[in-house]
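Take the two lone chains, each set in its own frame, and fit them into one complex as the hints suggest.
Chains as they are written, first to last, in the working numbering: chain E, 1 to 302; chain A, 1 to 216.
Check before you lean on any hint, since a few could be wrong.
What the hints assert, rightly or not - Covered, in the sense of this in silico footprint (three residues per stretch, anywhere, with C-beta under 8 Å from a C-beta of chain E), are these stretches of chain A: (1) 66-74; (2) 152-165; (3) 170-183.
Hints listed in this document are in silico derivations from the structure and should not be mistaken for laboratory results. For clarity, every value in this text was computed on a predicted model and none was experimentally measured. Glycine included, every Cβ here is placed at the ideal spot set by N, Cα and C.
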Amino acid sequence: MTGDGKRHPTDALAEYAAGVLDAPEQTTVETHLVGCPSCRAALRSWTAVAAATVAPVDAPPSSAPTVRAVLTRAAVAPQAPPDRKRGIRFAAQLLRAELRLVRPSVWVASMLVMACAVAAVAVGDHSAGATVLSLAAPLVAVAGVAGVYGPQRDPAFEALAITATSPRLVLLARVTLIFGYDLALAVAASAVLRLVATEMGLVELVVAWLGPMTLLSALSLVLAMWIGPNASMAVATSLWLLRVVTVSVPELSDGWLAARMQQIWVTSPGTLAVTLALLAAAVALSRHRGRPRDGWYRPVAW
Amino acid sequence: MDTGADAMPVPDRLRSRWRSHGTASDVGGPSVPEADDVLLMRVADGDPVALAALYRRYGGRLFGYLQRYAGDRMVAEEILQDTLLAVWRSAPRYAGRSGVRTWLFGIARRQAHNRLRVQEPRALPLDGLAEWADPAPGPADWAIANAQGAAVADAFAALAPQHREVLALAFAARVPHGEIAEVLGVPVGTVKSRLHHARVALARSLADRGVVEEMP
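Isolated chain A (complex conformation) (with noise of 0.2 Å):
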């Protein structure tokens, strides 16, 4: 309506292609799916130029996922580099049956598989969490509350690799639920649930330290 600059009707199709020279007007959606596919293509056809574009856009959330997920700063700049990697090689047999956000994630999942299955023999069971997962606000809630930063970290760190990766890709990479689902190739209930599971096993983990009380 106020916009100005675009006096003349545009397609909306065309319209998030343009977003990349976008005018300060557009609705600040948080994806820009025609953009990406557009930069893919680019990428595909063997552009370096685009390839350092959709990392500027995307390295830092996969970025934030993969520390979260791996745990350790170095391990992460690894498996990004072979997620960028394999972005480069890959690029030509991207479909567009996923978005590119759930593609590169998915892709990123799978070099994280490959580095840290290798490295890491970590099993920890999830003692029986499945039974009492609660979505109303209880004692874990506050517990995680009112904890401090470092001590929160720890305790994320104790964290079942299912929990650390599905808190790692809503909140470090901020993906949308019904994205995180189709990276995980799981429903959106059960990425819901794992994420209160998550929560609660922080709370938990936080509570065995001794950190917090379990109730104010």
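So that you can see chain E by itself, here it is in the shape it has in the complex (with noise of 0.2 Å):
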């Protein structure tokens, strides 16, 4: 009853029946079972559960042939299927948490554009639509794009340097995610002008703003990566601010400048070439992120 006087080791006594004590420990709960019945009679009662336990088990299936059975069967069964699975989940994941990291005002801002673009057809002159949405929709694109990359504009940007998912992966979720967005909203935007203005095609709506959109996002892409989200969006917007007043500048609309403007954005082979090879080139680029000292990215505050 009284044991040594100490407190009771009741806890260690199922450990103690399993022996998996070591030694200290062991010792200790010998010398209190010496003087206690009641933790000797709890000690009878492990021990039987350990032996009502253990004792209808088998020996395990022998070592080599269960070795030989489970390597033919990794190399019978590869890990194809779920892996697959597994990855398009991952993807899945990884997009609905870079969802997160995209501001509300991203969103909400690039829709307001090309609401604003919408309208101003509708209400105006229809024929119109293919020029203003080749104007609004590459612009609220390269707006998006520049901004998604960069320690100044990621609010997890230090949590994604120490990450195992690489860079170009969360870049590519990034891109995919704002520029889908994008994407979604001109086409929309499209398909509201074909309702309003049915003299116009879709395919000829699409067609007038899909090169320039994606030329225009791939080389504000490459620029943020490369001097920094601030000087890209500079940087694009100037030039797209060229294209602009080409076309809405009655005294430069006949001129060389408007010429080569619409030879460089539209929709076609060389345009898709130029901005295949600028997706390369910023893909290789991110391979530097977050070694921001190596000089290929500089985190400029211009």
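Structure, rendered in structure tokens:
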């Protein structure tokens, strides 16, 4: 009853019965047991439980055939299906995580600009629909994409620098998200305009902005990674301003500049090739993310 | 002190690494964490010999756990193979956050759940046992201590899965309570109380079968 006067080692009895205590703990329990009938009874019970648990267990299958079977299974059944499933789930997870990091103002502002463009066409000259969209959509996209990259714009930049997910993948997810959203907005705007201004074809509308939008976005992405988001915004909007004035200022609409602009900002194999090249450059640049000191990436505050 | 072979002082870290070729005079601890690490690293490198060694070291205890948990030898063998396959594949991802043994039992448990969830729709009620967990020895202890082998096996099979599992880990696999807590993802206190509940449930199960008198 009294034991050795100390606390009963009730909690240790099960482990003592299992034989997993280390030597000093074991000694403590044994010393106590000598003078404590109630703990001895409890131990008998744990010993019986242990025996009940262990007794019917058979010997495990022998090593060699088991290992051989496992290796055969590993070779015969590659992990592909669960891997792919995990890949899709991972991509979805990544997109969802990035969705939370993009500030709500980005979504709202993009939508407002597109809505304004649609409204301007709807109340004004319907035939200007394609031109207005081709001017508005690239600007919306470039604003979103330029802000995708860089410490100043990214509340999670520090955290991202130490995660296992590759920066390229994160960048890709974010650009996909924002560009996808802007693309959807532009398509929706085109569809609305098609309803309002029935003389325009939907394809015609989309072709008007698709090439310029992707080219300008890719350019602004590369610039954002190379010289920083603010500078990228400045350069891309300046370029775009040139395009806008050639359309909107009558005195400039017939000159050399206007001709060049119409060659560059179209949906054509040429612009597509340039866009792809710029994207490849962006991927290459993204490798250097998280190591701003090596000169490739300068987090400028111009 | 009395280790004549180890005349030179050896750092503890190296000593445990050498334990696989260990001298007989080594202090016999229950686990060899660092040698396990090395073995697992070799498994990660695709060494089948290391996998076999790991199996020889832990196969018995894993199988004990799985057999008591699954309640069937054939099923346990399948789960054991699944476990070894998962170990073979995920060894490169072992990060050392838990001990190798804990990691192994964690994998075995996941594989068991994968198989058993499909096979066996078991949901035994705990019938309010949580309220009368009594750590002091009582009638329950007499019941178990005096029961016979076959009857106990029957009563064991009738236990709730959580009870079978915690008993299997503690006694068939001889995993210390701290590690059981890690494997199950619960606090150590929960492991201890779950064990007590399991013991009481086992005694009650025996009494229900009329195998033993409640009190001597």
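Failing hints, ascending? Violated hints: none; all satisfied.
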